[in-house]
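**Student:** Chains A and B, in that order, are what the protein sequence lines are. Add 766 to a position in the first sequence, counting from 1, and you land on the number used in our numbering. Position 57 of the second sequence, counting from 1, maps to 47 under our numbering, and the rest follow consecutively.
Keep in mind that the hints are not guaranteed to be accurate.
What the hints assert, rightly or not - Simulated restraints on C-beta separations:
#1 B:G212 <-> A:S972: 50 to 58 Å
#2 B:V217 <-> A:P948: 55 to 63 Å
#3 B:V292 <-> A:L902: 21 to 29 Å
If you are wondering where the hints come from, they were derived from the structure by calculation, not from laboratory data. Beta carbons are placed, not taken as given, at the ideal position from N, Cα and C, and that holds for glycine.
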Amino acid sequence: MKIFNRIDFTRHPVIATVLVFVAVGTVMLISAGSGEFPLSPSKVLAALFGYGEEFDRIILIDFRLPRIMMALFVGMALAVSGAILQGITKNPLASPDLIGVTAGASFAVVLFLTVFSDENNALIVSIQWLPLFAFLGATLTALIVFALSWKNGIAPFRLLLIGIAVAAFMQAGTTIWILMGPIYQASQATIWTTGSIYGANWSQVSVLMPWALLLIIISLLLRRQMNILELGDDIATGVGSMVQRNRMILLLISTGLTGVAVAFAGGIGFVGLLAPHIARRIVGPKFQSMVLFSAGVGALLVLIADWIARVAFAPIEVPAGVWTAAVGAPYFIFLLMTQRKKGGA
Amino acid sequence: MLHTNSKRGWGIAIGMTAILFLMGASLVYGYTDTTWRDAYLSFSNPSGSNEHLIIRDVRFPRSLIAAFVGACLGVSGAIMQSITRNPLSSPSILGVNAGASFFVVVGVVFLSVQSLQSYMWLSFAGASFAFLLVFLLSSAGREGLTPLKLTLAGSAITALFASFTQGLLVLNETALDQVLFWLAGSVANRPLDLLVSALPYMAIALTATFLRAKELNVLSIGDDVAVGLGQRTIWIKFFFGAGAVILAGCAVAVAGPIGFVGIIIPHLIRSLVGLDHRWILPYSAMGGAALLLLADIGGRYVLMPQELPVGVMTALIGVPFFIFVARRKLGI
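Next comes chain A alone, as it looks inside the complex (with noise of 0.2 Å):
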């Protein structure tokens, strides 16, 4: 930890953006080597590029490769969605599932759990239709809240308000749902939310990555948008900014973003409000270095999440949800005490 302290990233934000990503890299490694049948890197590797013993290939690439690109690309998600929140916002407890977006999906999910059970708990339509669900509940939750926080544009501190009005009634609105229906579904109901990949197909990834991809890739091309806007509406409009359209912009990319997270991998929490703030306290409040330092974070924090999920408590699962915060929280708040500049935020 030392050389943190030494090195000022903030001013080399490359170097520590690729040694963020070397470090996703290895954990990738790592995760996919360990389980029940434990595999060696260059097993792992070999078995990558189509060498190695024909079992390795099978649980590598069919069950445990899914799941790990799954991890990789719902932090990535969540990371630069809360990142882009904060930013538009300016209000360090911003993140996706303070307004609603999660909520409106867990309703989404709790109300298909529900709907779509017969008698004997059994889903009467394939499990594959959830993730459809849980997005449409998400997407349908945020336009909500962004037509309700609508009045002559958007003022981010009346959407953050709005954002959490609306959560508090989705949750209400679970809970009301899950009490009235059987323990059962209570159960997987809880499950869903704490968030959890298990079960990830490549189908899913398929679905997943051209979209997380495609919005963080635009949300980096907007950096100059971005950066403006963080300077306040008035100075932003002074130097020519678009602000409303800007602004909508990327809180749609914001809200999609999360949206597909959670759709596959349920309430994963707290990557969204953590990661863009180690960020920021490690290459400073920069958009494009901040939201890519951001991506790496986030997605480090489910792959290790996800690894501990599926390794620590096996054969039991426990849902990698609970992880995040477990992995997260310590470390950020390592950084809170020993951070010795000012700002930064």
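Since the structure of chain A is already known, use the hints to place chain B on it.
**Tutor:** Just chain B, lined up with the frame of chain A:
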């Protein structure tokens, strides 16, 4: 908006009357049909009939608990928003609810705790522990205790406790079944003893914070100015932080975690009485009490004969109203 002190004084009188009326209504309305006359008779001339028993032993504790818990949450939220200087703060942000829930779930899972009384002590211990942790962590380091660090440390600790709680509940379905209703927050079926054992702490914290509310006005100008005016900001922050946590801790100990009241009431109150904490605190107490009483009464009717937990109902009632005010009045 109430501009003059005499108007604000009258506002207090009207508010207290409204709360008394709501407490009365809480005795009268519900699944068992009773009248205001029954409510009066059950205290002046109890006959031991079913209706009288329900009013005295079930609804009376409930209305008192709703009023006090609501008041605590409102004041606690107002203080938290002021010391963290973040309008999104609420008792749950500094880890209070998360700490309390975690201790209760640990008690249920590992110590097979079952009685509401022990839930109460566990959750109070959890709330205080979480707050002390947040306070120590955020005052460490060279910058000292800034509102931002307090907020961030609070949300990190909240995240940590909440995730442990969720983990335990996922692993243990029986515990989930047992505490799910507690975790949703409710003022129903709580014996009066619970409130009685928490009441002294509530009373002390309410009085102490009301009496020194002026210091919050100084603090909210900014740390630098407050120091310049001779305020020892760290002690003031600890004093009000502890006060807010005792209030929120008592509330969660008696009724379980009830969100949302602490976050919206201060906003509504500030749009009514302005920025002077000597008025904000008492008005927040009244606002919280009124919202919780209303939510509790409403919760009896939505799914009759089943009852909705009051935590759910505060959101259902509070949200539309709050969105209306946020769009119309908050000047944002």
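**Student:** None of the hints should be skipped; say for each whether it holds.
**Tutor:** Verification of the hints:
1. B:G212 <-> A:S972: 50 to 58 Å: holds (52 Å)
2. B:V217 <-> A:P948: 55 to 63 Å: At roughly 58 Å between Cβ atoms, P948 (chain A) and V217 (chain B) fall inside 55 to 63 Å, so the hint holds.
3. B:V292 <-> A:L902: 21 to 29 Å: For L902 (chain A) against V292 (chain B), whose Cβ atoms are near 26 Å apart, the range 21 to 29 Å holds.
Consistency with the previously given hints is maintained throughout, with no hint failing.
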